[in-house]
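Spelled out from the first residue to the last, the chains are:
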Amino acid sequence: MHIGDIKLIFPAIYMSAAAIVVLILGVIAARRPGKGLDHWLPSHYLAPVLVFSGLFFSAAALIQSFAGMGLSIEVPIGSEMTRAPAVALFVTSGGHAQLTVDPFAAIFTFIAFAGTLIVMLISLDHFGERQPHKAEYYSILMFATAAVSFAASATDLIAIYLSIEFLSLTSYVLAAFAKTDRRSGEAGLKYFLYGAACSAIGLYGMSILFGVTGGSTALTAVARGLEDARATGAAWVGVVFTLVGFGFKLALVPFHFWAPDTYEGAPTPVAAFLSVVSKAAGLAVMTRFLTIVAAPDEPVSLSWYWILVVLTAVSMFYGNLVAIPQRNIKRMLAYSSIAQVGYLMIGVLTAMHSFGGPGRLLSGFFGVPSAAVRSDVANLDLVTWDMQGVLIYTLAYLFMNLGAFAVVSVVGKKNPLNPPLANAEAYKGSEIENYSGLMRRSPFYATSLTVFLISLAGVPPTAGFVGKLFIFGGAIRMGTSYPELIVLAIIGVINSVISAYYYLNVVRLMFFAPAEGKSEISASIPANTAIAICLVTTLALIVVVKPVASLMSSAIYSVVPGVIR
Amino acid sequence: MIEHAWLIPLLPVIAFGLVLLFGRKAPGNGAYVAIAAICASLAMSLAVAFQWFLGGASAAHNGLYSVTIQWMPVGSQMIDMGFSIDALSVVMLLVVTIVASLVQIYSIGYMHGDPRYPRYFAYHSLFAAAMLTLVIANNVVLMFMSWELVGLTSYLLIGFWFERPSAMRAAKKAFLVTRVGDVGFLAGIILIYLKTGSLNLFGDAGVFENLTRLDVIGPWGLPLTAIAGLLLFCGAVGKSAQFPLHVWLPDAMEGPTPVSALIHAATMVAAGVYLVARMYPVYLADSSGMALQVVAYVGAFTALFAATIGIAQNDIKRVLAYSTVSQLGYMIMSLGVFGYVAGMFHLFTHAFFKANLFLGSGSVIHGTGTQDIREMGGLKKKMPWTYWTFLISTLSLCGIPFVTAGGWSKEEILAVAWHTNRVVFVVGVLGAFTTAFYMFRLVYKTFYGEPRKHDIHAHESPRVMLVPLVILAFLAIFAGYVGTPWANVFERNLVPVLGHHYEQVLENKLAGMHHGFNLTVFLFATGSALLGIFMATIIWLKPVLRIEKLEPSFGWLAKLVENKYYIDEIYQATIIRGLMAAAWLAFAFDKWVIDYAIVNGVGYLTRLASDLWGWFDRTFVDGLVNIIGWITKTTGSALRYLQTGVAQHYIFLLVSALVVISLAVIAGHIREEAWIPIAGFYR
Amino acid sequence: MSHSAYGIPITWFLTLGAMLFCIGLFGMMVRRSAIGMLLSVELMLNAANINFIAFGSYLKLPTIAGQIFAIFVITLAAAEAAVGLAIVINIYRLEQHVDVDKMTAMKL
Amino acid sequence: MILFGFEITGYQIAFLALAGVTLGSALMVVLMPNILRAALFLGLTLFGTAGLYVLMNAPFLAAVQVMIYVGAITTMIILAIFLSSRVMSVGFSQAIYNPVLAFGAAGVMFLFLFVTIANSIWVKRIAAEGPTNSNVGVHAVAAALLQPYVFPFELASLVLLAVLVGAIVIAKEDQPGEP
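Protein chains in written order, with the numbering used here: chain G, 1 to 565; chain A, 1 to 683; chain D, 1 to 108; chain Z, 1 to 179.
It is worth saying that the hints were derived from the structure and are not from the lab. Don't take every hint at face value.
Okay, the calculated beta carbon distance ranges per label pair [to be verified]:
| no. | chain 1 | residue 1 | chain 2 | residue 2 | range |
| --- | --- | --- | --- | --- | --- |
| 1 | A | Phe22 | G | Tyr45 | 31 to 37 Å |
| 2 | G | Val21 | Z | Ala140 | 35 to 41 Å |
| 3 | G | Arg130 | A | Gly369 | 41 to 47 Å |
Because the structure is a prediction, the values reported are computed rather than measured. Idealized CB from N, CA, C, for every residue including glycine.
Throw the hints in and build the complete structure from the sequences for me.
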């Protein structure tokens, strides 16, 4: 690599630097609260502004990586070499990149930045101006975002482990950030213990992979090594254990146990962050890992593939069924997001098939994938549709889920001047029964939440419908060769009917139940802005889906492995 | 004008936005905005219709005008969005816009003073937009989208009076039950897409074109086309309230009456019929004919089943609801016996007279303040306009020949059934009889006799409500003249919609059918309707047969049937029921043979059947829905106990899951290597 | 049995690592206090480190990556312990105990 | 050296001794009722592991292990134990939670791993008798860290910064009125 190529990961570097700036300025300012520097440059305004400009940088990086301006990599296709818009950074001996900057990473960086910005807007409203340790809070949030960005482009086990762990550690802190709140502490502790166990298991898996593949840590090298070690049970044990570490970030069943408790106890903006941005990191790593490392030519012959299929189906059913009896809306959303991960995993499995195995990786990567050869619709290109599904659904999920959490945060807000001690009263805010008659108390929030929930249920014309269309469509297309994907898609459709049951229950309460003399709900401008952004995007995605989808389809180049330039 | 047909659904969407945002500040509290939009859509639909049928546009465009724009790229393929104008969609446009605009005008009077008046009109506009999009969509994705949107807005409209818990429940039930059908619909779309590789209906590589080319037998010899047709039909079963998913429609009467008139007469429920008609090539391509058989029998069963339930209902709107279910069964049945034109024709005429009946019942409810026909009576004098329009539409529904629209369409259905399937024909005739019977019961109980409850001060409704009634009554008479057996304009225009190939197929199926006036069918149809009217007259108008006399003996049976005994303690219930039934039989036999002979017996048997159906409906069909709900809930509740809140438990579960997964990995790869650790360890 | 200066097959180390890993897992399940569970996590991380270094040393193509990975694991273990202990201390301040199995305010 | 008919090298004896120490103290970590003693036994485990590192020709790692793990982490944990208990002697009886099930799960897991690990497939890539590399010194590690692995190195420093800030914020006791 050239040292100048560092500019390609500029968004992530910028985010880390901005986090340090917020920290230092914030700590200086906090010495005289409300006066001097704190009056002119309080960190809860500084941080969103910096993230907002970071959003522009990541958008620029996105456009740059799609347009292929200045970054490209030679990839062999069959016997010819073709240029693909990806750049390998920090190449180790053997020609394997630790970071690969490509449209896939750029999209996830953008998603992380946009999500963080919305989370910050919610936080502004949720914690208020007098939030204790606000500089540290915003700075750690920004560090976590940088970690997501690193994770999205990491193509080396060391880099992946570090960035995922970076994200986890900052997330533990964020979950426990409401220090005076018992539930927040409990949420943080459970998240920490479960996360530590999962990451230790994942690390153990990586150590086995490291050995089985002959001492390689780069994903491409691991992929080649696995080809040789195909017949080894140990290799697949390594893969499965490693997947535990990623599945934990995704809250995939059965690695999900932390999610409901943590979502319920953590401050609502943090729960929003965990459910979307942190999950995006897990998704990016999972997708990259599966498509590069673990996808041999015939994944259907491998037991772990079937394990993933089963876990995907179980996730959908488990999440949706257990969400039904919940009484706390944050907990309900936690289970709902477990189910949503199931939908996303359908997309990941589809993508996995379309990218074929490690052998195909270096020869004929852009060629017709194995699925198409076997299928009777060989002339239809299967590749782009599949990667699109994951990306578009993630985008849709970002806005609809964050929107739902934003409304939950506004409705369940506590008095910011008076942070509550561990009393049960303070938590009435996020009980579902508290939403009865919300329409009469505040039509805007009720309508917005309705739109978000309907979108999560996948009813047109919302973003969730578009996402499901792409996910299920891709699965069905690929299903001509791999019927289990069609089964998963049908399970997905059935589950979206089940999910309508509990989403509509909230809608019913909001619209159709009497309000028991509760006052109107008000929120500050930032929170309303966040909700409005989510609302507009959720409703407008179907209109602008054409440019978005064609943008996403370019991400076919995404999982180009780091190969030396 | 045809090029701008996309404006027809767009105008109500704009009205929806305006009314929702500006509501009370808009003219007429938003009502005028919504009405202006739907009337503009109506005008445009009329213009399109004139241009299409009379202006020669149909010939100029070869019977199909379709515009497509690219919507979203999926892989190398584009999902398109677009609209198509052909005879079928023009008919549907006319039906929807006419009924929707009249219903909205009517609503000015009916909803007057409602606290959420603007929102009502906003929902109405959105609903109309969704429905209009559905009928001109030329792409299954767009169709499905608007289909779901129709369901969503009907949820809002049915639950409009959410102060009533029953309205809430009904709205949710309607949404969820129709969504069950939608799963089938979606699966059908998926299957069709997999088989034809296309999402567009028309055009060179469209669904219909490809259906003819592709082989239709799937793996393991599955008749894929038939399966696709049946899956699509699931959607229609849900939306058009066919057995066994009809349970939502009677409950949905909790919405405001104009909503019932719009949704449950002309639009949403007709969407299912429209879907089958639109996808008719799929059914015709199914050479086994299995799909259409199922369609026919489901329709026929529903038609008779719902009609018998209608006899025993005492809520004016519920009678009409079951009547709607029954008439939808007629349409579906007609489509099932290759009566493609007849089914659509009945949809066309039914929309007007059923909308009129609902609006008339709304007028009655508005005037009397009650929905119970036992409390009404003698309204003929007090509400003359309502009475006459209601009567005209009732006659139309009964299928009185020559002078009403319903007569023409019902006869056409029976004519087709006579030719293709005599069983269905018999069911149709029985249905016609029952329909006339319960409708005239309704008319007599409501408008004739003396007022049974004297604290009701009935008054005629305001003019803004009467004008739509009169217009619809007019249509209930004259709309049928487009499809008389002698000059069937309807058929001439509608059949070519299928395209040349399928037109041929349909003609082969109907080969040898006597096109034109069929005296046998005419006698059966008219005779059964007149007999029904006659029976109703001698029971309720001039009580030759005194039903009240048997009311005690019959009443306790009805109660018994409804009694919880049956469900809770089946053993005991069976014995009691057996005893009671024996006693009742002895008593009834005595009464019948001595007093009333056969005529009265028919009346009782029908009512008995009706109540039994009702019981069956409540117990089994609702029960099935409830059981599914219960299982879902219980599983959810049971599973949540895994989440004990103890972190050590979580980790234990994690490790156990990992152990299971690891063992599965071993099981999966056991053959690939020696798992017995000898060589490595003691090397 | 072959003879060499070392005479220790790698499987000995790997088995030791597996034992340590499972002892750690066991500790995660049976330890009651949060700090006890944290200790068990350290055992599991150590097991992974033993694997890394064993592979790094025993591979026919020697690589330093194993040791590098282990260094990062140790670094992150320190960071993890810091975060964990901070959370534990905060919990102790709120509840006067650190027994995880008593913390079940949220369930269902 | 011949022992019980087997020929045993000095390295093997060293391994067995270190493994015994490591595993024994690891068991103590898990089973010791007193949390402070458990933490001290963790230090012993980590020492034993450091010895194993030396056996595997990784003396630098052994040094790192002793300095960071034993020196820093264990000390930190002990400090936290002191901080989070008012009276040392009370409240540390660690009742075992669900020992049988847990033992079963962990035991099956171990059997599974053992079967997987002790498999002949290692022969292919792994030198049979002992480490292939000679002692890897500080220089080699430093060169690797600063040249090919400079990115993880920098990332790790970011992690440490963020985590330090987070840990301090969470752990410190807020004075009333402090922002």
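Results of checking the hints against the structure:
1. Between A:Phe22 and G:Tyr45, the C-beta spacing of about 34 Å keeps the proposed range 31 to 37 Å intact.
2. Between G:Val21 and Z:Ala140 the C-beta distance comes to about 37 Å, which sits within the given range of 35 to 41 Å.
3. Against the hinted window of 41 to 47 Å, the Cβ-Cβ separation of G:Arg130 and A:Gly369 comes to about 57 Å, which falls outside the hint.
Checked against the numbered hints given earlier, the structure breaks only hint 3 and satisfies all the rest.
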